[in-house]
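Quick note, the sequences are listed as chains S and Z, same order.
All letters in the first sequence, in the order written, are residues 1 to 287 by the numbering used here.
All letters in the second sequence, in the order written, are residues 1 to 287 by the numbering used here.
One or more of the hints may lead you astray.
Each pair may be met inside one copy or between any two copies, as identical chains are not told apart.
[As the list claims (entries may be wrong)] No farther apart than 25 Å at their CA atoms in a straight line, the calculated lysine to any residue pairs in the SDA-like style are these:
1. K98 to P240
2. K60 to R214
3. K69 to G239
4. K60 to E146
5. K60 to G211
6. K98 to E267
No lab work stands behind these hints, which were simulated from the structure alone.
Protein chains: 2
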Amino acid sequence: MIADAPATETGPVAIICGGGTFPLIVADAVARQGRRVVMFPLTGFADPATVERYPHHWAKVGQFGYFLKVARQEGVRDVIMIGSLVRPAIRQLALDWKTLTLMPRIARYYYGGDDHLLTGVGRIFEDHGFRLLGAHDVAPEILVPEGALGAHKPAEADSADMTRGLALLHAMGPYDIGQAVVVSNNHVLALEAAEGTDEMLARVADLRRRGRIRVQTGGVLVKAPKPGQDRRFDLPSIGPATIAGAVAAGLSGIAVIAGGTIVADAEAVVAAADRAGLFVVGIREAP
Amino acid sequence: MIADAPATETGPVAIICGGGTFPLIVADAVARQGRRVVMFPLTGFADPATVERYPHHWAKVGQFGYFLKVARQEGVRDVIMIGSLVRPAIRQLALDWKTLTLMPRIARYYYGGDDHLLTGVGRIFEDHGFRLLGAHDVAPEILVPEGALGAHKPAEADSADMTRGLALLHAMGPYDIGQAVVVSNNHVLALEAAEGTDEMLARVADLRRRGRIRVQTGGVLVKAPKPGQDRRFDLPSIGPATIAGAVAAGLSGIAVIAGGTIVADAEAVVAAADRAGLFVVGIREAP
């Protein structure tokens, strides 16, 4: 039985941590609610500095049996997976016995695209008595709200670029691709796939530096969850690095889906955007 | 009046030349048909080595009056525009008087996206008594035929990737984006926008080198014209550099639309692909 109101829960929360700063941000949010945090940083992905302030158990990808044992000892029911995790090659996995018994299932999910793998993994956790939550279930304050986040607002041309970018992301939705684009003056400058948002922004900066894009400034980064995406995993996120990347790329601003995007270090994001004259706006999804 | 059978024409052909080797390849094809070639290399874009063997008149982008005068002196009716041309910023144009009188029209096309600009420019040439042809109208032998070009053929998994890539390009079609993707094992690794195919392939090679893509080899580069694209301009093209890029990216092969893709130096393309074990295949468009 899965309850609908995790915010009323008080038990400990296991946080399975990939790379980046999000695991710590989520841990702090959970701790602020008075719940005990137990972190499971993934070897080779998680940054030790992001877990040292909380009880933690290092694990390798594939050690589900180890997780089961420790999480049960800790009395955990709610589990959150958060942080970047480049999907490891088979040879990089450390499979314990429990995981091996699950491999036929996992292999089936593995070849079905990112979404299938994650949804499948979620089902495995649930079959073992856990409840897999999204970071925003326990920490709704990390989601981008609707409207402008800082001092600056999109101009009319920016809004047109936002609409075009959102429509394009929607068209690309069924193909399970990284969901971000850069649109400038109605032209699509860059589309994100395996390289991720930061590298896509660096590419736009580089193309502009080399005169490969005719309009030297302006444009909007548009990010959105995939249509039908399981929002417990891998919600789009922005943070100070996104602002720096957008500024270097000469953009006017950033548009993300309100309620469907995580913001890391919102204060730093707003301060940096305001300083640079960049707008950051939470928008509704296309109707 | 515009005739339908340019192949039966015998008059001179003006070739307005952007960058790359295509202008020379087309010029040679035209010359083989016994027609006189008059080249108009664009300063800053065309490579002098590609025009020196034919009568040529250097011009700057925006010198339509100059083109009119010289082309009429040369008795030209048929015009081909070919070669890469990063769209210049307004300040990079050298506008003569004739072009200035056309600026309201050109500006209207300029902000409508690549296709609108090119189709509009084509209309301007036709309004002045020229006939704008595609390179393939005068040199159909430069188009990729249906089927495998070399010794290697796509495996079943490659065919699935080709189908997925083509469907994705079709979905992106209305957004006027560079039309190429890399799909590997059902995952979209890269999407081309302003950076062009060669740089997209270099990105895939780089992501693989850095372990950012879990499967280290395999995958297909799929290129297709935009749906509804005016095929007199800017057909997708492949050449020896495309093969080298695909090999460096660890791909299995390249799929392009038969009859809708130009191949530069087909012999070198086939030889390099065969050597590398890469397939190159002309496919029909999605039904």
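Going through the hints against the structure:
1. In this assembly of identical chains, the alpha carbons of K98 and P240 never lie at most 25 Å apart, being 39 Å within a copy and 50 Å across copies at closest.
2. Within a single copy, K60 and R214 get their C-alpha atoms only as close as 47 Å, which misses the 25 Å cut-off; across copies the closest is 17 Å, which meets it.
3. In this assembly of identical chains, K69 and G239 lie within 25 Å of each other by CA distance neither inside one copy nor across copies; the values are 34 Å within and 57 Å between.
4. Proximity of K60 to E146 under the C-alpha cut-off of 25 Å is found in neither arrangement, the shortest distances being 38 Å within a copy and 48 Å between copies.
5. For a Cα distance limit of 25 Å, the shortest separation of K60 from G211 across copies, 17 Å, qualifies, whereas the shortest one inside one copy, 45 Å, does not.
6. When the C-alpha separation of K98 and E267 is checked against a cutoff of 25 Å, the pair qualifies neither within a copy, at 42 Å, nor between copies, at 55 Å.
The structure fails to meet hints 1, 3, 4 and 6 from the earlier list, while all remaining hints are met.
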